[in-house]
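2 protein chains.
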Amino acid sequence: MKILITSGGTTEKIDQVRAITNHSSGRLGKAIAETFLKHGHDICLVTTSAAEKPTSHPKLSIVLISNAQELADKLESLVPEYDCIIHAMAVADYTPLYMTSLDEVEQTHPVSQLLENRNTEAKISSDKDVQVLFLKRTPKIISLVKKWNPNIKLIGFKLLVGVSKEELLKVARQSLLKNKADCILANDLLDINSSQHKAYLVSAQDVFQAGTKEEIAHLIYEKAVQND
Amino acid sequence: MKILITSGGTTEKIDQVRAITNHSSGRLGKAIAETFLKHGHDICLVTTSAAEKPTSHPKLSIVLISNAQELADKLESLVPEYDCIIHAMAVADYTPLYMTSLDEVEQTHPVSQLLENRNTEAKISSDKDVQVLFLKRTPKIISLVKKWNPNIKLIGFKLLVGVSKEELLKVARQSLLKNKADCILANDLLDINSSQHKAYLVSAQDVFQAGTKEEIAHLIYEKAVQND
Numbered sequence: 001m002k003i004l005i006t007s008g009g010t011t012e013k014i015d016q017v018r019a020i021t022n023h024s025s026g027r028l029g030k031a032i033a034e035t036f037l038k039h040g041h042d043i044c045l046v047t048t049s050a051a052e053k054p055t056s057h058p059k060l061s062i063v064l065i066s067n068a069q070e071l072a073d074k075l076e077s078l079v080p081e082y083d084c085i086i087h088a089m090a091v092a093d094y095t096p097l098y099m100t101s102l103d104e105v106e107q108t109h110p111v112s113q114l115l116e117n118r119n120t121e122a123k124i125s126s127d128k129d130v131q132v133l134f135l136k137r138t139p140k141i142i143s144l145v146k147k148w149n150p151n152i153k154l155i156g157f158k159l160l161v162g163v164s165k166e167e168l169l170k171v172a173r174q175s176l177l178k179n180k181a182d183c184i185l186a187n188d189l190l191d192i193n194s195s196q197h198k199a200y201l202v203s204a205q206d207v208f209q210a211g212t213k214e215e216i217a218h219l220i221y222e223k224a225v226q227n228d
Numbered sequence: 001m002k003i004l005i006t007s008g009g010t011t012e013k014i015d016q017v018r019a020i021t022n023h024s025s026g027r028l029g030k031a032i033a034e035t036f037l038k039h040g041h042d043i044c045l046v047t048t049s050a051a052e053k054p055t056s057h058p059k060l061s062i063v064l065i066s067n068a069q070e071l072a073d074k075l076e077s078l079v080p081e082y083d084c085i086i087h088a089m090a091v092a093d094y095t096p097l098y099m100t101s102l103d104e105v106e107q108t109h110p111v112s113q114l115l116e117n118r119n120t121e122a123k124i125s126s127d128k129d130v131q132v133l134f135l136k137r138t139p140k141i142i143s144l145v146k147k148w149n150p151n152i153k154l155i156g157f158k159l160l161v162g163v164s165k166e167e168l169l170k171v172a173r174q175s176l177l178k179n180k181a182d183c184i185l186a187n188d189l190l191d192i193n194s195s196q197h198k199a200y201l202v203s204a205q206d207v208f209q210a211g212t213k214e215e216i217a218h219l220i221y222e223k224a225v226q227n228d
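Chain order of the listed sequences is A and B. Numbers 1 to 228, taken from the UniProt record's numbering, label the letters of the first sequence in order. Numbers 1 to 228, taken from the UniProt record's numbering, label the letters of the second sequence in order.
Keep in mind the hints are simulated off the structure, nothing from the lab. Among the clues, some could well be false.
Remember, identical chains collapse to one label, so a pair may be satisfied in a single copy or spanning two.
[To be verified] Calculated cross-link-like contacts (lysine-lysine; reagent style DSSO-like; alpha-carbon spacing at most 27 Å): (1) K165 - K74; (2) K59 - K170; (3) K140 - K59; (4) K123 - K13; (5) K53 - K13; (6) K180 - K146; (7) K165 - K128; (8) K165 - K59; (9) K147 - K128; (10) K140 - K13; (11) K128 - K180; (12) K198 - K128; (13) K13 - K198.
Let the sequences and hints guide you as you build the complete structure.
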């Protein structure tokens, strides 16, 4: 099978030196890619320069992106070519539009006018006590995958922080329906550390639990090759 | 001599999964630390988990911090113990205070009231098209070093983007005076890539030019041990 995997966290630039980043090491995407490679599948890993990556392999190609828009553009062309996508990347929900002083915000009515402005400086000056950063929502990539390729198997990810198991499963089931996903891997940041990674793989029919990144990779592998 | 070196870039959390980061690999701080270690000096490297670091060495201790406030707290206790500080870390100028919807900003008069608010969610919801992030200035650490230890030799850094050599030297000389620094290493992001790193080491008496990270490390070493 031809498998597309995304991993790592995107970086949305504020200016040439500052950026908003999403917390993600890339380790889980790496473990998933290695599991599929071991079973002889063709892998394209879409990731970032900072993410951990598998060692090179004849059946592995790596595509580097940095922000959510680049990811959307790249996946739009790749998704139609693949049998399955495992979308593990932590994609920024918001990207910077404009950064300005509190004074400019106080003096502009309506404030929404400022959404049309852009910074022209390469490095935004740091002489004000307070700065105000306006951000806009990035494209919700998981919701576009089945539009780009209705036949692809879609395994999505949902990361929450400090919620109950019930809430985690509820949010995963909502994401299944909304994004026409085949499974959602739901996990809680508080259940992830260097030795464990608790997660639930949720489909319309069942829920499987994993306790480590290797177990998650194995569960996802089983789901991806099922009925294929 | 006892040398304190800072390197890498700070991370200022927006919530448990998002952060504002400063672009820095830690490679220059690593090269500087290695140069001093080669000459038998005692090094304390204050850096981040993501930064590149020298391999372990009996005369090297490493202290990890993540944000500007942690760095300020750590340096306040370390600076009095050292003969020289080389402050190469890219420290965030601003740290997040509060993130909210455009609606709340439009409806609050004066907007500055919002600076008293704090987010209580572990992961800020992403259901609005626009978010507004208020940021406040972090402590200007380089300006505090000589207050903490008037006898320490201070080598500061100034990174600008896309300016002339004249502008770079002017800003470096302003920083020398304002922060009572002994030298400022002035560089332009556009002159830095994997093979070159153009920079000027500016003191009250002279200006030296370097073309690589190793040359920068050597210039800084010479200045640090001068008259000692």
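Structure-based check of each hint:
no.: 1; hint: K165 - K74; verdict: neither (34 Å within a copy, 38 Å between copies)
no.: 2; hint: K59 - K170; verdict: neither (37 Å within a copy, 53 Å between copies)
no.: 3; hint: K140 - K59; verdict: neither (29 Å within a copy, 50 Å between copies)
no.: 4; hint: K123 - K13; verdict: both (11 Å within a copy, 20 Å between copies)
no.: 5; hint: K53 - K13; verdict: both (23 Å within a copy, 25 Å between copies)
no.: 6; hint: K180 - K146; verdict: within (7 Å within a copy, 60 Å between copies)
no.: 7; hint: K165 - K128; verdict: between (44 Å within a copy, 25 Å between copies)
no.: 8; hint: K165 - K59; verdict: neither (37 Å within a copy, 48 Å between copies)
no.: 9; hint: K147 - K128; verdict: between (45 Å within a copy, 23 Å between copies)
no.: 10; hint: K140 - K13; verdict: both (18 Å within a copy, 23 Å between copies)
no.: 11; hint: K128 - K180; verdict: between (46 Å within a copy, 22 Å between copies)
no.: 12; hint: K198 - K128; verdict: neither (43 Å within a copy, 29 Å between copies)
no.: 13; hint: K13 - K198; verdict: between (31 Å within a copy, 24 Å between copies)
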